[in-house]
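J.: Okay, here's what each chain looks like letter by letter:
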Amino acid sequence: MKPMTPRMTITLNGAEHVHHGSGALSELLKELGVNPDQVAIMVNDRIVPKGEREAVRLREGDGVEILTFMGGG
Amino acid sequence: MKRNENSVTIPDDVDPGRWMDLARSASADDVRRALDCPMVGEADFAALLSPAAGGVLEELAQRARARTQAHFGRTIALYVPLYLSDYCSGGCTYCGFASDRGQARHRLEPDEILREFEAIAAMGFQEILLLTGERTPKADYPYVRDAVAEAARHFAAVTVEAFPMTTEEYRGLAAAGCVGVTLYQETYDPVPYERLHRWGPKRDYVQRLAAPARVLESGIRFAGLGALLGIADPIFDVLSLYRHALQLRRRFWQSGVSISFPRVCPQEGGYVPPHPVSDRFLAQIIFAFRIAMPDVPLSLSTREQAAFRDGMAGVGISKMSIASRTTVGGYQAHNASPDGQFHVSDDRDVASFCAALEAKGLEPVFKNWDKVFR
Amino acid sequence: MNPVEKLVLGGVEFDSRLLVGTGKFASTDVMVKAIAASGAQLVTVALRRVNPERPSDDLLGPLTKLNITLVPNTSGARNAAEAIRAARLGRELSGSRFVKVEIHPNPHHLMPDAIETYEASKVLAREGFIVLPYMPADPVLAKRLEEVGCAAVMPLGSAIGTGHGMTTAEMIRLIIADSGVPVIVDAGLRAPSEAAAAMEMGCGAVLVNSAIAAAGDPVGMANAFAEAVKAGLAARRAGLMSRSTHAVATSPLTTFLA
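Protein chains in written order, with our numbering: chain A, 266 to 338; chain B, 1496 to 1869; chain C, 721 to 978.
What the hints contain is simulated information worked out from the structure, not anything from laboratory work. Honestly, I wouldn't trust all of these hints.
Covered stretches of chain C, going by a simulated chain A footprint (3 or more residues, C-beta under 8 Å) [claimed, not checked]: (1) 778-784; (2) 803-816; (3) 871-879; (4) 886-893; (5) 918-932.
Computed from a prediction, not measured in an experiment: that's the story for all the values here. Virtual Cβ for every residue (Gly too), placed ideally from N, Cα, C.
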């Protein structure tokens, strides 16, 4: 049997997003074309420090927030 | 930095060192700036103590009166002191109660305290200041606390001038109904301090200096500060006193400080002040405080002559004692002499003093707040 | 007046007393040039969700090339819990311990919520943040914020972005008189002369964003603010001359003195 590419539906920055991959954060960032050094990530309301990203595997239904800086006073 | 034989120094946040020159030699322009700026700072206060400011004393007086009226209206708060005890463990060279003085000692017993309170209340007073000497077994913390608790049943405001206490003890006083604690540093200069306080717990300069902070930490509303003018360089002491008050106000911003201006005069024991402060300079000091701290109660006792007190009332001074006795008790027995710890220079009774204030357009106020706020 | 040479926030020293914001600039390029012209060492930034469709408008890259410390703000937060979360995310992203606590639930006037600001500041100071709270010009609140460990207080001069200047000057005077931490006027300034006036009054620093970003020439205006802040501080140190007083004709008060 041919292995299927895993796919899962997550809530990304408040909107539904279908992720094609293993659920590793690096794969998600690559899929989005986002520079991993320039974002902070929260999964299910918990901040994932940069050093702990490797250990995270997203699962169906997870809520993910990816944030960066913008101009502000 | 001044350092006494035991290497005790004045703390940085009280040390007036950097302002001393300005207080001695400010220019007329420095004084003018100090008189005109909306927020008087440390340099301005120093300038107001200078000889140049003394040359325009009338202007200082006008400014001081304007600020007194703006914050206190045309009123003078009245209080009365009651010496509970003249037992003392202190050896203050300048004091009539020092423990090497030969006189018989006395303390008021609970029934006597009660009769004194009743006599004082009958004179119309609503604010009473309870005094003792340094801590002794005869007049210790429980004795003072119990007197406060009883006083709180008779008066709207009870304040204490006794010995330095722990924060816990001050909390106990607050709970008993004490709204203010006065504790003069006497002098902020550790060198004469060491010399003048010959023995007893009062030799501990640092402990005494830290006591007003403990007072305010405990929740007591007011810490009364003062330097005994005449026993050391008054410029040094007045600048330190100002910085001490400033520092306490910043730290305990929900509480208040009040300042008194005791001036030493010859006591039993023949003490002659080495740095006598003239009427004019005392007036200048008071004006400087009023201009720099418009909202702080400034108090003048009956140590001073009637004419000086009448002149200063409302022109800087916002609070005064009257009909005082500086003996232990003495309010119920009318034949007793008023003179004990210090000589009472203004010996008018309540009615004639109030008449003098009213003649100046000032209203005597016996009660400033009520028990519901305690 | 204490002639402290440097601005000290949470034990960190700064030469510049002008903080600038990064909002409302026409382009990142102009923003970077304006920051450089301002000489600011502390620069505020806001957090937002990444937009994968527009990955180019990244700020962090250009900002990290400047020799500045980032101060992430918590704008967008409507209460203390949201602000605390934003602050933690900001620290994760910037590596900076500084945070500007900014909680303004009303989108029309953006006035800060004193209660939520206090609660968030208390928690964040305990967590080791160097907390700079944007606050109403309230002297009592200023002391309360100092007590919970804020490194400065940042009262507003007037509402954010209005350019009405120091409408709260009297309150800010009271805050300065009692404050044990630097007072930084934040929001409402329009002209460099207002920044100079704030410094003359005794403020430790000023924070400016719209007045630079929305100026005809943001880089020129950033430079003007830098000069004004320096002039105001120098004036304070030099001591302003007194205003001439009109003589008060009253009866003398000192005749009782010999």
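J.: Take the hints in turn and mark each one as holding or not.
T.: A quick look at each hint next to the structure:
1. 778-784: holds (count 5)
2. 803-816: holds (count 7)
3. 871-879: Our answer is that it is violated, as 0 residues pass the Cβ test (under 8 Å) against chain A, missing three.
4. 886-893: Answer violated; 0 residues pass the 8 Å Cβ test.
5. 918-932: Held - the segment 918-932 of chain C has 3 residues with a Cβ nearer than 8 Å to chain A, which meets the minimum of three.
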